[in-house]
Every structure is written in C-alpha cells, then in structure tokens.
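Asker: Here is how the chains run, residue by residue.
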Amino acid sequence: MKQTSKRPSRKRRVWLRKILQVFFFALIALNVINHTLVKNGGGWDFLPSASLHAICPFGGVETLYQLLTSGAILQKVRTSSVVLLDLIFILAVLFGPVFCGWICPLGSIQEWYGKIGRNWLGPKRYNHFIPPKLDNVLRYMRYGVLAWVLYATAVSVKLVFQEYDPFFALFHFWTGEASVTALLMLFSILLMSLLVERPWCKYACPFGAFLGLTNLFRIFTIQRNPESCKPGHACSTLCPMNIPVSQKTVVRDHQCITCLECTSEACCPVNDTVVFAAGRVK
Amino acid sequence: MKLNSTTVGIIILLVVFGGIAGSVSMNWWSTEGGGGKQRAQGGDGKEEAHSLLTVHGVVNSFDTMGINIATDDGQVQYVQLGNSRYNQSIGFAPAVGGGVTVVMFPGDQGLYSAISVTVDSTGLTYTFRSETGQPLWSGGSGKGN
Chain A
1 MKQTSKRPSR KRRVWLRKIL QVFFFALIAL NVINHTLVKN GGGWDFLPSA
51 SLHAICPFGG VETLYQLLTS GAILQKVRTS SVVLLDLIFI LAVLFGPVFC
101 GWICPLGSIQ EWYGKIGRNW LGPKRYNHFI PPKLDNVLRY MRYGVLAWVL
151 YATAVSVKLV FQEYDPFFAL FHFWTGEASV TALLMLFSIL LMSLLVERPW
201 CKYACPFGAF LGLTNLFRIF TIQRNPESCK PGHACSTLCP MNIPVSQKTV
251 VRDHQCITCL ECTSEACCPV NDTVVFAAGR VK
Chain B
1 MKLNSTTVGI IILLVVFGGI AGSVSMNWWS TEGGGGKQRA QGGDGKEEAH
51 SLLTVHGVVN SFDTMGINIA TDDGQVQYVQ LGNSRYNQSI GFAPAVGGGV
101 TVVMFPGDQG LYSAISVTVD STGLTYTFRS ETGQPLWSGG SGKGN
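Protein chains in written order, with the working numbering: chain A, 1 to 282; chain B, 1 to 145.
These are computed hints drawn from the structure, not numbers from a lab.
Every residue, glycine too, gets a C-beta built ideally from N, C-alpha and C.
A hint or two may mislead.
[Said to hold, decoys possible] Simulated pairs of lysine-lysine, DSS-like, Cα-Cα distance not exceeding 30 Å: (1) A:Lys158 x B:Lys2; (2) A:Lys18 x A:Lys158; (3) A:Lys18 x B:Lys2; (4) A:Lys133 x B:Lys2.
[Said to hold, decoys possible] Simulated coverage check for chain A against chain B, where a stretch passes if three residues somewhere in it have a Cβ under 8 Å from a Cβ of chain B: (5) 48 to 57; (6) 169 to 179; (7) 186 to 195; (8) 233 to 241; (9) 253 to 267.
[As the list claims (entries may be wrong)] Across the chosen pairs, the derived CB separations fall in these ranges: (10) B:Thr64 x A:Ile116: 48 to 58 Å; (11) B:Thr6 x A:Trp148: 46 to 56 Å; (12) A:Asn136 x B:Val76: 27 to 37 Å; (13) A:Val155 x B:Met1: 43 to 53 Å; (14) B:Gly99 x A:Ile116: 48 to 58 Å; (15) B:Asn4 x A:Val155: 39 to 49 Å.
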C-alpha cells in the first residue's frame, strides 16, 4: 500500500542524468569563459576556447537552408555545429530528444530553478498552474518560433535569433555581447521556472521543437504496462513536461524529453511498469 | 529490448563528448564548411595581425550587429561592428542610403570587422576597435572579432 501513496515523491533518481547535466553545463560555461579570456589576450591553455556558436548544435539547424541550397555555412556557425547536430539527431532518432533532457544547459538551469518552486509549492501544485486547454495550444507555439527562425535566417543570411536567444544570454551576460532582449528573455524564463517547469522548453524553444518531432518515430520509447499499473499517477504528476503518461501505453508526445523521471527506475513505485524500451514490451 | 538510464547516459556521454573531442582534434570548431576559410591563427592560438582595408560605399542596411554596404566598386559587403550595446552607446546610427567610409580588416571566419566608420554627411568618425583589432568595448590586449 505504501507504494501507491497519493503523494508522489522522487525517492529514486536517474542519477547519471543529473551528473551529465552538471558536467555539460560546466563544460560549456568554462569553455565560453575561456573563449572570452583568449579574445582578451588571456585564457587557460588546458581548457577549450571555442565560441558558443561552435558548440551549439542549433546553429546546424539555422544554417540548414544555406547548407542545402548553396553548400555554405552561415556566418559565425562552424562545421562543429553541423557535426554535433548530426550526432544529436541520431541520438534523438534512437532515444528521443535526449539533448533537451540530459545536455542542454538552459534546460538544466530551468530544472534547477524549478526545484526551488517545487519545494516551495509542492509537487501537486508546482507545474500545474496553466489550464490544460491553454497549455495544449501554447505548446505548439515553439513550432511557430522554429518556422520564424528558419525563415528569418534564410532571408537575412545571419543568425537573427541571437538577438533573442536566452541560451546565448546565459553564457554571455557578462561580456556585453548579449542583447537586452535576450537578457530579459533569460530573466523571465528563470522567474517563470519557479512556477512552471522548463517554460522555455515547453512553449518557445525552436531546437526543442525540431528535436521533438523525432518523438513521432523514435526507436526507444517510454512504455507503460496497464496491467501492472497502480492508480497513483506519479508518472503524470512528476513529468516535467506534463505528459499524461498514466493515460498512455506508449509515449509519443512531441514534448517528451526522455528524462526517464516517469519510469519505474525513478518515480513509478511498481517495478517494470513504466520502462524505456524498443519494440512492444508486454 | 529495455534500456536503463545508466546505459542511456553512457551512450549519450560517449556520443556527444566524442563529437566535441573529435571537433577539437579536427579543428572543426574554428572552420567554416563548404571549403570555407580557416581562421587565421598563430601557434599560440591567437589571431595573427590583420591588414587594414579602407572602402567607401553606401549603406544598404544597418542593424545592431553590423552594416551592409554597397561599395563604390559595386561589391556588397557586410561589416561586423561587434557589440550592439557599445554601438548604441557611441550613438552610431548611419542613415540607409548615406555614404560611409569604413576602415576594416578580415576578421572571424573571413568576415570583415570594422575598425572605424566615417559618416559622409556629418563627417563624424565612429571607432569600434583599435588598429590592432582590439574591441573598444572590452579590456585586455587581445584581438577580437
């Protein structure tokens, strides 16, 4: 009976995900700091010093039009962006948008801020403020953002999104290169994260929209066994993206970020009921 | 076939970190694709000295990051200004269609970066970088883009 307690809690952790989030956040932050120092004549030789554009796979998406039509890459975007995009896309076809749930520093920092909100409001109130009908509509807004970014970039042949990009602002707020708009976006997102988990990912992230499409055909999926499922709904309550996992047998929601927090390995109290698998598991 | 989170995490780490490490070793993070130009670097990883160019042209468009000019010899050139807040702070706002003289150098990825821009109509010169390429909005002695 304890296992079907009404108040869901995260007693178990997908611990490696937490470690990778910190690792990639630190790696990117140190790299960008070193890049700034090298530009100013200093820096540490033992650290990488690439520009943020060089290690941002979304640059690969932004330059897709130019790459396909002229074989060229946009200003500031590097070959490494396209290489990283390829690798992350292959991972997404296999496992879904793991970049969002395991790597993206902007996603991670929203999650960390979200912990404050979750502790403050409790797991049943936190992340459940927006009415479901409105929420369902707002979630498609990010495809509009993606379409605008692709169109505006193709027309202007520049990284127009940089002026609004909270990811760029997160790693350049001290250099003066981030625009005021981008800084305001970042500040708003962190503030909203206290009430809603990953607001940028859910409603506005164009790269999340791009990778989210792979949820429709990914090979490994989250699967729920209805026969052994107990009516605790912990999986639905604790899903950061508010996906009603307890109402599905296979999760193919375009918003899933493969965080695996809904699985029996994490919050589901019944073993082998919510699993991450390829093919149909019985 | 089931996978646990540890296996998924190890695969992610190997693939993504491998991609980053591979890009470093292949120098892909400092090169353009499609046979583009490689960033000029010295042995210590710092950019080499730039040769300065002076061009005159008409402003096609202007945004906070750069200006697009049609030069007198018929070329269209986008010139990076650099830091948008700095540009605003010095009051740089050239009129579209107005004549300008730009002193610049081939900077990051072969793009031109402005040292200074002189607006014909007012005669005012706006300086963005030192002649060695050091951005005026940042300290230190390095050469920025």
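Asker: Determine for every hint whether it applies to the structure shown.
Answerer: The hints, checked one at a time:
Under the criterion of a C-alpha separation no larger than 30 Å, the hint pairing Lys158 of chain A with Lys2 of chain B is inconsistent with the structure, at around 43 Å. Straight-line distance between C-alpha atoms of Lys18 of chain A and Lys158 of chain A comes to about 35 Å, which puts the hinted pair past the 30 Å bound. A threshold of 30 Å between alpha carbons decides the hint, and for Lys18 of chain A with Lys2 of chain B the separation of about 21 Å falls inside it, so the pair holds. Distance hint between Lys133 of chain A and Lys2 of chain B is unfulfilled; the C-alpha atoms sit about 34 Å from each other, more than 30 Å.
Judged by the Cβ-Cβ criterion of 8 Å, the stretch 48 to 57 of chain A is covered by chain B as claimed, because 6 of its residues qualify and three suffice. Restraint check on the stretch 169 to 179 of chain A versus chain B: 4 residues with Cβ-Cβ distances below 8 Å, three needed, restraint holds. Counting residues of the stretch 186 to 195 of chain A whose CB lies closer than 8 Å to any CB of chain B gives 0, so the stated coverage by that chain is violated, three being the minimum. For a cut-off of 8 Å, the count of residues in the stretch 233 to 241 of chain A with a CB near a CB of chain B stands at 0, and the three-residue condition is violated.
Figure legend: the stretch 253 to 267 of chain A, annotated as covered by chain B; annotation consistent (5 residues with Cβ-Cβ distances under 8 Å, at least 3 required). Separation of Thr64 of chain B from Ile116 of chain A is about 34 Å and departs from the stated range, judged on CB atoms against 48 to 58 Å. Under the hint 46 to 56 Å, the C-beta atoms of Thr6 of chain B and Trp148 of chain A, about 39 Å apart, miss the expected range. Checking the proposed 27 to 37 Å range against Asn136 of chain A and Val76 of chain B shows it is violated: the Cβ atoms sit about 46 Å from each other.
Judged by the Cβ atoms, the range 43 to 53 Å given for Val155 of chain A and Met1 of chain B holds: they are separated by roughly 45 Å. As the Cβ distance of Gly99 of chain B to Ile116 of chain A is approximately 55 Å, the hint placing it in 48 to 58 Å holds. The given range of 39 to 49 Å is respected by Asn4 of chain B and Val155 of chain A, whose C-beta atoms sit roughly 46 Å from each other.
Checked against the numbered hints listed earlier, the structure breaks hints 1, 2, 4, 7, 8, 10, 11 and 12; every other hint is satisfied.
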